[in-house]
Amino acid sequence: MWQYFMPTRIYFGERCIEQGKDALKSLGKRALVLTGKRSSKENGSLDDLMKVFSEIGVEMELFDDVEENPTFNLVRTIVSEFAQKSFDFVVGLGGGSPMDTAKAVAVLLKNPSLKVEDLYDPSKYSEALPIVAIPTTAGTGSEVTQYSVLTDDAGFKRGFSHPVLTFPKLAFLDARYTLKLSEPLTRSTGLDALCHAVEGFLSKRATPISDLYAKKSIELIAENLPIVLREPENLRARENMLLASCLAGMVISQTSTTVAHALGYPLTTFKNIRHGEATAAFLDVVVEQASMEVPEKVEFVNSILGGVPNFLKMVGFNVRAEINEEELEVWTKRAKNAPHLQWTRGNFTEELIRYLYERVKIH
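Just so you know, my numbering puts 178 at position 178 of the sequence shown, and the rest follows in order with no gaps.
Mixed in with the good hints there might be a few duds.
Straight-line distance between alpha carbons at most 30 angstroms, and here's what the computed BS3-like set of lysine-lysine pairs gives [unchecked claim]:
| no. | residue 1 | residue 2 |
| --- | --- | --- |
| 1 | 204 | 216 |
| 2 | 336 | 361 |
| 3 | 85 | 110 |
| 4 | 216 | 180 |
Simulated DEER-style distance windows between Cβ atoms [said to hold, decoys possible]:
| no. | residue 1 | residue 2 | range |
| --- | --- | --- | --- |
| 5 | 330 | 4 | 34 to 44 angstroms |
| 6 | 112 | 232 | 21 to 31 angstroms |
| 7 | 15 | 322 | 16 to 26 angstroms |
| 8 | 65 | 123 | 45 to 55 angstroms |
In short, the hints are calculated from the structure, not lab data.
Each residue gets a CB set at the ideal place from its N, CA and C atoms; glycine is no exception.
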């Protein structure tokens, strides 16, 4: 038995915000736009959005201080700042961080009695402001998922979701906004998309539809990630990466992610390793472990990528971190209890998990 639900309307292509202005107009007259300090101003996305808002008569308020790896405290700050104002919808403009933040804020502004911790119990809310997602990286796929990952007060990343409310209503994907991405960010976000596609493909929750998207995404990334790293201004390759990221997001919206994500989270929050690379550090073993259960799927992944380690080496991947004994203990136990494990194929024992952290440790 399987099901499929993906309620986001996607506009894809150059100047697609302009093409979708009627859909934007239908959401209301007042928008709260969440973005980072610089990139949306430099890549033209904020200007494009403001121009369309001006044309259709939407008033907007801007919060442009969304940090990478958004925290509970950031969400509290935004909600506190805008709680007394009325909005019809929330826009997340940027990478995964503004989009994930927008999902949290959309729920909390509509449910003022809730705390940020309540986001993790979807039975506590039955409405949220509509969400618009405009990605400016090709990686997280958050524009087409119900998931949001925030860093809690103890410093650990935790994902929340609602089966309906936290899916964006509209997503605008314009690859021009990704042309100015740095090489490290291009690599990391591209690897994040690859992890989503591969993990979802190998997940115990995979469906015939998610597999179609996953295969296409893996093929697109294998072909185009090396190109955009060599030729950052190649718009066609950037478009293919943005499509691959979106498809991979649609995959995990059905399958969720595997233990590779759970293993990568501490490397990001405590060692400042970008999320995509932190996750990719464990992808080869997720693939190896799955070969016991779905050898034909693993064969497909390896045939397209030429083997995960070879592909990672080709795109310049290299992750190492200083990890002490206490961190090894805490991270290993946390990963062993991660909910991601129930969808992960193979046998991830405590010994294997500890070995995987030892593998990235600087000796």
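So, going through the hints one by one against the coordinates:
1. Of the supplied pair hints, the one linking residue 204 and residue 216 holds, its CA atoms being roughly 19 angstroms apart against a limit of 30 angstroms.
2. A distance of roughly 18 angstroms separates the Cα atoms of residue 336 and residue 361; the hinted pair therefore holds under the 30 angstroms criterion.
3. The hinted pair formed by residue 85 and residue 110 meets the criterion: a straight-line CA distance of about 11 angstroms does not exceed 30 angstroms.
4. For the suggested pair residue 216 and residue 180, the alpha carbons sit about 25 angstroms apart, so the restraint of at most 30 angstroms is met.
5. Take residue 330 and residue 4: their Cβ atoms lie about 38 angstroms apart, and the range 34 to 44 angstroms holds.
6. Checked against the given bound of 21 to 31 angstroms, the beta carbons of residue 112 and residue 232, roughly 44 angstroms apart, lie outside it.
7. Between residue 15 and residue 322 the beta carbons are some 46 angstroms apart, a value that contradicts the proposed interval 16 to 26 angstroms.
8. Between residue 65 and residue 123 the Cβ separation comes to about 32 angstroms, which falls outside the hinted range of 45 to 55 angstroms.
In the structure shown, a violation is registered for the earlier hints numbered 6, 7, 8, in ascending order.
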